[in-house]
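Chain residues, written in single-letter form:
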Amino acid sequence: MKLVPLGDRVVLKQLEAEQVTKSGIVLPSGAKEKPQEAEVIAVGPGGIVDGKEVAMEVKVGDKVIYSKYAGTEVKLENNDYIIVKQNDILAVVE
Amino acid sequence: MKLVPLGDRVVLKQLEAEQVTKSGIVLPSGAKEKPQEAEVIAVGPGGIVDGKEVAMEVKVGDKVIYSKYAGTEVKLENNDYIIVKQNDILAVVE
Amino acid sequence: MKLVPLGDRVVLKQLEAEQVTKSGIVLPSGAKEKPQEAEVIAVGPGGIVDGKEVAMEVKVGDKVIYSKYAGTEVKLENNDYIIVKQNDILAVVE
Amino acid sequence: MKLVPLGDRVVLKQLEAEQVTKSGIVLPSGAKEKPQEAEVIAVGPGGIVDGKEVAMEVKVGDKVIYSKYAGTEVKLENNDYIIVKQNDILAVVE
Amino acid sequence: MKLVPLGDRVVLKQLEAEQVTKSGIVLPSGAKEKPQEAEVIAVGPGGIVDGKEVAMEVKVGDKVIYSKYAGTEVKLENNDYIIVKQNDILAVVE
Amino acid sequence: MKLVPLGDRVVLKQLEAEQVTKSGIVLPSGAKEKPQEAEVIAVGPGGIVDGKEVAMEVKVGDKVIYSKYAGTEVKLENNDYIIVKQNDILAVVE
Amino acid sequence: MKLVPLGDRVVLKQLEAEQVTKSGIVLPSGAKEKPQEAEVIAVGPGGIVDGKEVAMEVKVGDKVIYSKYAGTEVKLENNDYIIVKQNDILAVVE
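Residue numbers (our numbering), protein chains in the order written: chain D, 17 to 110; chain P, 17 to 110; chain V, 17 to 110; chain Y, 17 to 110; chain F, 17 to 110; chain A, 17 to 110; chain S, 17 to 110.
In case anyone wonders, no lab produced these hints; they're calculated from the structure.
All C-beta atoms, glycine included, are put in the ideal place defined by N, C-alpha and C.
Among the clues, some could well be false.
[To be verified] Stretches of chain V that chain Y covers, calculated by requiring three or more beta carbons in the stretch to come under 8 Å of a beta carbon on chain Y:
| no. | stretch |
| --- | --- |
| 1 | 75-83 |
| 2 | 86-100 |
[Said to hold, decoys possible] Derived DSSO-like pairs (lysine-lysine); straight-line CA-CA distance at most 30 Å:
| no. | chain 1 | residue 1 | chain 2 | residue 2 |
| --- | --- | --- | --- | --- |
| 3 | V | Lys68 | Y | Lys75 |
| 4 | F | Lys101 | F | Lys18 |
| 5 | P | Lys68 | F | Lys68 |
| 6 | Y | Lys75 | F | Lys18 |
| 7 | D | Lys101 | P | Lys79 |
[Claimed, not checked] Computed footprint of chain D on chain S, listed as stretches where at least three residues anywhere in the stretch have a Cβ under 8 Å from a Cβ of chain D:
| no. | stretch |
| --- | --- |
| 8 | 74-81 |
| 9 | 101-107 |
If we strip away everything but chain D, and leave its shape as in the complex, we get:
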């Protein structure tokens, strides 16, 4: 059972606290719009979204920083996922 995102949506899995420590990302505690490090699990097909052509720039396995502001949390078979629009992904961590 897996999540297949529509349009320009991307399924993310938040990195564990240990991983976060290892990668050195520290989230400012009081930030209104909390950035997050996560791994890309699934990528929508892109195409025409809300009347605009969207090309998908991230791929499965990418580590990304995203803005949690517009994401939606989903739990599937005891795993927690976040579904965001690609536009809510700020950068890839290489």
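Please arrange chains P, V, Y, F, A and S on chain D, whose structure you already have, making use of the hints.
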């Protein structure tokens, strides 16, 4: 008697609690925008909606995760339905 | 004396309580955006509305579910009507 | 002395209370967006308004139902007028 | 020293109270968006404004009714002017 | 060291109080959107800004009236500047 | 490990207080939208962003004034970065 959605609207039927348990979706209780698992019952024709071309990507029978935020609940012949725009469907569960 | 709607507007007449019962539509009492079953009385010509081409998809006599949120109530010769934009009609009941 | 509206604006003159009674329009007292019956006094040229082509659909002498929400009241030589955009006119009463 | 408006802006000079009385314009005291009679002093060149082609429809010397809502008051060499966008001019008084 | 504005931005230097007195500009004290007289110090290249073609209409040395509402104050080497978008400049004073 | 911004995003590193003093930038303490001097660390590829063509105008190493209003703070390997859209960069300091 059935609901025939207009434009890019989709008629959903929320999955029963048992099904929800079986599929493992657990909704965060305090979430502002509650994600929901549902089955697609009817799909609008798409086409030009609000001046933008919309292609319908879901089909009858799909299990989907949707954002309840903009949906409208309707009860028809003792069945409860949700009518959402396709854009409020986040992902298909396969 | 009759109402001739402009642009993408549609004149609706709410179905009586008995009809509502017969068709089985029950409106959730506390819903913020109350869905309603109504009959289409008159349909505007469509065309370019707010800079966008709109094709009218409903016809006189259709039973429809609409979102009351943006509608305007009008009483003409002791009949109550609702004038909505077609976009506020969610589905046709067949 | 007369008002010549610009763009897609329309000058309306509200029908007197007697006329309102005769035509049977009764306004719901507590409505947030009060519909009104009025006569069209002058019609702007239409054309490109806010970057969009607007064709004028009403003509001088039409009885119309309009949404008072965005109108502006003007008194000229002891006559009261309302200036609205055509988009605020919901229907013509024939 | 004179004001040369940019884009679709128009410089207006409010008519004196006497003139207002003579022309019979009376402003509703509690109106949220106060209409005003004024004379056009200078007209911007129009052209592409905010990505949209704007043709200037008023000319110097026109008496106009404008919506004060978005205007900006300026005092230059002891004269008071109002700078508005042409879109805030509702009608010309002829 | 100098400021080179991006896109349709313009760097302004507010005129001194004396200059303001000399030119006769008096700002209404309680105005929500305070107009200001300033000199143009640097002009961005224009071009495509937020998807729209913008041609720069002001030039270095122009005296302008601007709306302070959206401007950003910057102090560089003990000089105070205001950075505004050209759209926030209402008129040139000639 | 480095941040690779998506679309029209830019990774900035705020200049140290000493540098700020040296360059003479003083931020108004109570400003709602705080301008900031920073160095450009990484620049996204631009291209079609939200349906609009965006050309990147800044390059790595530029000193820029940006509006902090929409930026997101990220800490990576004990360095603090700000990720902004290019549109939030007001000017380059040369």
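The hints, checked one at a time:
1. Coverage of the stretch 75-83 of chain V by chain Y is violated in this model, with 0 residues showing a Cβ closer than 8 Å to a Cβ of that chain against a need of three.
2. Counting residues of the stretch 86-100 of chain V whose C-beta sits closer than 8 Å to any C-beta of chain Y gives 8, which meets the bar of three, so the coverage hint holds.
3. Distance restraint check for V/Lys68 and Y/Lys75: the Cα-Cα separation of roughly 22 Å lies within the 30 Å cut-off, and the hinted pair is therefore satisfied.
4. A distance of roughly 18 Å separates the Cα atoms of F/Lys101 and F/Lys18; the hinted pair therefore holds under the 30 Å criterion.
5. The straight-line distance between the Cα atoms of P/Lys68 and F/Lys68 is roughly 19 Å, inside the 30 Å bound, and the hint therefore holds.
6. For the proposed pair Y/Lys75 and F/Lys18, the alpha carbon gap of about 41 Å is over 30 Å, so the pair is violated.
7. In summary, the hint linking D/Lys101 to P/Lys79 is supported, as the alpha carbons are separated by about 20 Å, within the 30 Å threshold.
8. By the rule of at least three residues with a Cβ nearer than 8 Å to a Cβ of chain D, the coverage given for the stretch 74-81 of chain S is violated, with 0 such residues.
9. With a cut-off of 8 Å between beta carbons, the stretch 101-107 of chain S has 0 residues touching chain D; three or more are needed, and the interface restraint is violated.
Checked against the numbered hints given earlier, the structure breaks hints 1, 6, 8, 9 and satisfies all the rest.
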